[in-house]
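S.K.: Going down the list, the protein sequences come from chains D and E. Counting from 1, one number per residue, gives the positions in the first sequence under the working numbering. Counting from 1, one number per residue, gives the positions in the second sequence under the working numbering.
Because the hints were derived from the structure by calculation, they are not lab data. Heads up, some of the hints might be wrong.
Quick look at which bits of chain E chain D covers, simulated, 3 or more residues with Cβ under 8 Å [claimed, not checked]:
no., region
1, 41 to 49
2, 81 to 92
3, 261 to 273
Straight line, CA to CA, 27 Å or less: simulated DSSO-like cross-link-like pairs of lysine-lysine [as the list claims (entries may be wrong)]:
no., chain 1, residue 1, chain 2, residue 2
4, E, Lys260, D, Lys374
5, E, Lys226, E, Lys79
6, D, Lys374, E, Lys79
7, D, Lys275, D, Lys344
8, E, Lys182, D, Lys309
9, E, Lys226, D, Lys374
10, D, Lys309, E, Lys260
Backbone N, C-alpha and C define an ideal beta-carbon position, used for all residues, glycine too.
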Amino acid sequence: MKKLITSGAITVDSIHKSSGRKWTIMEKLFLGLTLPQYIGQALRNPLNWIFAIIFAVGIPIILGRFFFGLSWVSHSSNDYPWGLFLAFGLFGMVPLSSSGFLLGSACEVFGRHDLEPIERLGLLNGLLGYFFAVVFLLIDLGQPWRLPFPMVVSFGPAAVLFLVAWHVSTYLSVQIAEVSTSFFEWIGFPIGVRAIRKITLGLAISGIILSTLHQGALGALFTYAPGKVHPLWYSSSYQWIHFFVSSIPGGLCMVITVSTIASKTMSWRFDKRFKDSLDRITISLAKGASMGLATYLVIKLMSIAHDNKWAYLATGYGQWYLVEIMIGVIMPMCLFAYAIHHNKVAIIRFSALLVVIGIFLNRLNTALITFNWKLSEREIPHWREVAICVTVYAIYIVVYRFILYRLPIFYQWKTQEEFALAYVPETEITNLGNFEPALAYATETEANAFRNTETVTS
Amino acid sequence: MKRRDFLKGCLIGGAAASLGAPSKSWAVGSFEGYPDAMGVLVDTTRCIGCRSCEAACNKEQKLPEPDVPFDDTSVFKEKRRTTEKAYTVVNRYEANDGQKPPYRKMQCMHCNEPGCLTSCFVNAYTKTKEGAVIYNGNVCVGCKTCMVACPFNIPAYSYSSAFDPLVKKCIFCYHTRLKFGKPPACVEICPQEALTFGLRSDLIKLGHERIRQTPDRYVDHIYGEKEMGGTSWLYLSRVPADQIGLDTTIGNEPVISNVKDFLGMVPMVLTIWPALFSGIHLLATRNKDHGDDHHNHSEQEGDKK
Ligand code: SF4
Ligand code: SF4
Ligand code: SF4
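All chains should be modelled from the sequences, with the hints used to inform the complete structure.
M.R.: Now the structure itself:
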């Protein structure tokens, strides 16, 4: 892409081409390239070949799960009802998606306009994270076609999962609305943009409410199993607070991580505003994340002290617990503190990655690794289970990339007047990335996924 | 809509939510069980591990052929659990008092306040007035939370079924027997009368009576009388309950008590948050000229300023 841009290709970032003619949808989809150019750059990208291999193996396995049943793909058992799909996919993805509500509320409610350039990335990251958490859920549910049942057929209002179901689905629509501004700008539908603008504050506030509740609710789900979750990862009064609080650094660090990857691979898509403010914003986000981590550490210790569980720290599980806390909380906290003080953005980016890993580790530990600690048997996921997780994750990345390439997330959509006034296409792209998108067939998946988004939105 | 109108709306909405959020069914915390609930007293000191109850259950519930025939005692080499093919299993345990090893039949305990029931988001479980905890496979989504929530690890799932996987567990022979006042199949078949069917309240008296009459035969405890808020199936034993595979660390609080903290907080968040954050928004943006200026949008909207 970088090469193409230097050779004169123009990126789509407004309704009109420089010649004054409107971009057609096809041109927008192909990023303003011609078809051969587009396919050419897609084929040149080695990442796409990796995706192709993953999909070739993984997609048949996903289909197989629906024809041969769960036991064909998963080692979930009567003792371990929740396998890798939920532990990794649902419990891991949701906290990393709290960015939507965090940045939404920071910008819209708290008036932190300095964070605005990255707000849309936060929102999109939230939406996709939730969407794919639901995909993981659908794979894991015994009868996924009954997913709407808790909304329409039969209610269990005293169940935590009932709250989760309602909140996640409501929140998904809130997020679709929030992200749809970018989409409306991109397809050229200003009425939609204005309509959403009017309810932005409302959306942000409902985002806070729904997120507090269901981030917490995911933790509260484990309070159903007081004897099964290892005491170090369990606390009947604090469990939901643990999950909620850890989702704050989780979401912020996920945004840092994604923006880091993007700046290495698709900086051609950044506009000047984003590029100039990224470092500053990364530092602000890191400050937020450190506060979150500190709070998290304190309540973690509190819950151990509260139930006097110090003795467990001396066991094997205890050491594993300390490893998790070291990687996910203490190390990043120290690194953040050092890096913020010395303005070292690279270190911030690295420790943000640690936090993301730490969150995954924590959720995996709670739901799978230390679950049923009283039983002697440990569950080892089936290889197909791992393959499905990798595949869904790959689809997630492809969709993510597809959207980032196109919608005004990293750049501001230019309206006609501004465009006519002062737009100079950026041809100087200074960075390491020599990227490029999707294989012909990956493109198809993308296009499908995209069509879905479209239907949902409309 | 003007921002202020919206904020007003928030406050009103919050107030409405507080009125409209009744404390739902989690108030059941103090539920003591139905007075007419039936139960079964399992006297493990009488059990000889003949596995007749397993066979009877298999027939009554029309379960598939077992992998190992019911008269094969090699199954005792390992500890089994309930599965989609067996709603009840008998295990042999090693007691350290030098006497012959005790056996214990396990199946759903039919809790007074079942974890499975409270955790199910489509309400697939029902605690009937006869004491049985039954399951409705027509609404089950297959989230398997009930299996996580059962403190006794009872519900099993038919993972191998692709199109109609369901939770499988003992239902106290509700549809075929209990409903008509008849004892379950496993109880009826037991040659040792190790299983006694009756009103739960009577069984508790009976259990204490047996302990009183032959105190050296029993540990002075009826497992299930109080555990997890009480269960319909009750156990008497010669050795402490943990030696026959019953979890003695689970306490007497039903599962729902753990979750109440969180559920109780939900209406609060629904009420307080909108007002709180609207307030913060006002404070955060009050003295700024561009309080509403969204730099993500290049269009300037006249009606906002
Ligand atoms: S033993 Fe388990 S499955 Fe049976 S009623 Fe109690 S919680 Fe439900
Ligand atoms: S698996 Fe079925 S019965 Fe169990 S909690 Fe989920 S929906 Fe309810
Ligand atoms: S009560 Fe009925 S379903 Fe339950 S174990 Fe006995 S025979 Fe089986």
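S.K.: Hints first: check each against the structure and report whether it holds.
M.R.: Here is what the structure says about each hint:
Taking a C-beta to C-beta cut-off of 8 Å, the region 41 to 49 of chain E contributes 0 residues in contact with chain D, too few for the three needed, and the coverage statement is violated. Given a C-beta distance limit of less than 8 Å, the hint that chain D covers the region 81 to 92 of chain E holds, as 4 residues qualify and 3 suffice. Coverage of the region 261 to 273 of chain E by chain D holds. Counting CB-CB distances below 8 Å, 8 residues qualify, and the rule asks for three or more. Between the alpha carbons of E:Lys260 and D:Lys374 the distance comes to roughly 25 Å, so the proposed pair stays at or under 27 Å and holds.
Simply put, E:Lys226 and E:Lys79 have alpha-carbon atoms about 25 Å apart, close enough for the 27 Å limit, and the pair holds. Of the pairs offered as hints, the one joining D:Lys374 and E:Lys79 holds, with about 14 Å between alpha carbons and a cut-off of 27 Å not exceeded. For the hint linking D:Lys275 to D:Lys344, the alpha-carbon distance of about 17 Å falls within 27 Å, and the restraint holds. At roughly 48 Å between alpha-carbon atoms, E:Lys182 and D:Lys309 are farther apart than 27 Å, so this suggested pair is violated.
Using a Cα cut-off of 27 Å, the hinted pair E:Lys226 and D:Lys374 holds, with the two alpha carbons roughly 22 Å apart. Proximity of D:Lys309 to E:Lys260 is assessed by CA-CA distance (about 22 Å); at most 27 Å being required, the pair is judged to hold.
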